[in-house]
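Here is how the chains run, residue by residue.
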Amino acid sequence: MAAPPITVDERSVPTETSRSPVIAFDNVSIAFEGRTVLDGISFQLNKGETKAIFGVAGSGKSTILKLALGLMKPDAGRIQVLGEDVTQMREEELFDLRRKIGMVFQESALFDSLTVRENVAFRLLEEGDVTEEEVEKPVRESLSFVELEKTVDMFPSELSGGMRRRVAIARAIITHPEILLYDSPTGGLDPVTSTTIVQLIVKQRDVYKTSSLLVTHRLQDAFTMAASYFDRKTNQMQPLPPGMRGEVPMGFLILRDGKIIFDGDVHELAACRDEYIREYIS
Amino acid sequence: MELISPTEIAKEKIEAVQDFSVLAGRSVANLFRYPRYFADMMQQADLIGVGSLPIVVLTGLSIGAELALNSANTLQRFGSLSLIGQLVSVGMVRELGPIITGLMVAGRNSSGMASELGSMVVTEQIDAMRALGTDPLKKLVTPRVVSTVFMLFFLTIISDLLGLFGGSLISTFLFRVDWRQYWNSAYQILMFQDVIMGLLKPVLFGFIIATVGCYYGVSARGGTQGVGRATTQAVVASSVLILLVDLLTTKFLMAIFSYR
Ligand SMILES: Nc1ncnc2c1ncn2[C@@H]1O[C@H](COP(=O)(O)OP(=O)(O)O)[C@@H](O)[C@H]1O
Ligand SMILES: [Mg+2]
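Protein sequences appear in the order of chains A and B. Residue numbers for the first sequence follow numbering that gives the first Met the number 0, so the first one is 0 and each next one is one higher. Residue numbers for the second sequence follow numbering that gives the first Met the number 0, so the first one is 0 and each next one is one higher.
Here chain A stands alone, though its shape is the one from the complex (with noise of 0.2 Å):
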């Protein structure tokens, strides 16, 4: 793997980072004929934390990243992102804030018309005056990162889908967002490509401090991150020792018919009683 061009400590040190939200939901509510989907949730993710978040399919977990992103309007509540209120802007208005923040979608969602090339310079080639030259250098780093180099000139449809969801990370990443969401990046994925992926998220999580919300469906690779953090010095994700478990900016959050019903860290989630929870995670 090609080494971050930022120089940061071994291990990030959540109890310091600032607890100023880079995401804030304030009674969000919406429904979709007729049927509420999200009913009154609040929560917030904190600058430098990974939140992932569960819950059973058409629980609403990709509703709320389309929502962070604006992509669609809530019928009630607020939503801050990086300090605006992403209800009351325009679609115009949101395309600059959006450059803030990367997403990778359920499915990849991969301009199937373009090369891996140019869906990762996307964003730059879009952005201003670039050539094909400029962008090369990033859209190697960010496919580098995702240790798929040697697939710059496929289309997407030649890909598998675990090197499709690389492939989004990739494009997501190249402007280094201050926030990421991922879409259950490991989905349907084998347990080998899915182990890459989260490491790939540790790392964006413990190199680069970038705030991201996470939906998945697999409970095991959210514990996985809570207890792992990512070694710089071995370019690897390595387990925490005993003592450090969860000691790094991992949350969870977990939805149930419209509602959070769980908002908290590892320990507070293993020390839960709630039956349904219970249940979930075990």
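This list has only true hints and no planted wrong ones.
Label-pair distances were calculated between CB atoms; the ranges are: (1) N26(A) to F153(B): 53 to 59 Å; (2) K138(B) to G82(A): 23 to 29 Å; (3) S20(B) to P238(A): 55 to 61 Å; (4) A269(A) to V16(B): 52 to 58 Å; (5) A254(B) to F31(A): 44 to 50 Å; (6) S20(B) to M71(A): 17 to 23 Å; (7) T35(A) to V239(B): 36 to 42 Å; (8) S20(B) to S159(A): 42 to 48 Å; (9) G222(B) to S19(A): 39 to 45 Å; (10) K138(B) to M71(A): 16 to 22 Å; (11) G222(B) to Q235(A): 36 to 42 Å; (12) G57(A) to I8(B): 25 to 31 Å; (13) G222(B) to V191(A): 26 to 32 Å; (14) G82(A) to S20(B): 32 to 38 Å.
Just so you know, the hints here were simulated from the structure itself, not pulled from any lab data. Even glycine gets a Cβ: it sits at the ideal position worked out from N, Cα and C.
Got chain A; can you put chain B with the ligands on it based on the hints?
Showing chain B with the ligands alone in chain A's frame:
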């Protein structure tokens, strides 16, 4: 099946018309805003223009020949076969060239746009584009509208000329009309009004084809089935609109130019 009240249906239809108008309006307004996507316009122009050329050549030729064949019989009865050039010329330039080319391109490209954009919607590529800070209306719709208007204009001229050519083949080889006389009368009958009418129509039709195709594309819902539905609806809606607008412009321009 669930019963829906008529007011609900009416509301839906009005909303659809509203959404369509917004899309059509914005696609034009975007022309005056940066960034402008010239590369995308060129690519679309190639796709629409060059791609439609064979079918436009074919239909233009056969419609012209058809027109000549049909009118020759009638004209012969009145002993005025020499008027055939004029008849084909006026018919092609004012009416048949624009409408046939419009309908052909509608069938080919309106559906193409609807299915392409529709697939992008259901695979979340449109959302991804918005998430990456790019306006899909600017990047996808405006280039298609501009290219279709531009290309349909020239395709219609080609169709008109080939129609005349098809007519001339029939007239000279089947009815022994003098080749030179045919082209002379075809050229001389055309007045400024006819040409204006014949060239205004493709502009309007091109706009209809692209905006309707894109509208059904971006409002596609419900997976691949929804894309299929959007595709068919786009062809039907754009063809009907073209026929309707054709009738209205013909009537309107005839009134303005106070036709003989
Ligand atoms: N654009 C939309 N139009 C209609 N219904 C939607 C839309 N987006 C989401 N829904 C509905 O909202 C519910 C939650 O969807 P989603 O957020 O995708 O769930 P998940 O937790 O599986 O990601 C689902 O029942 C879905 O059908
Ligand atoms: Mg989802």
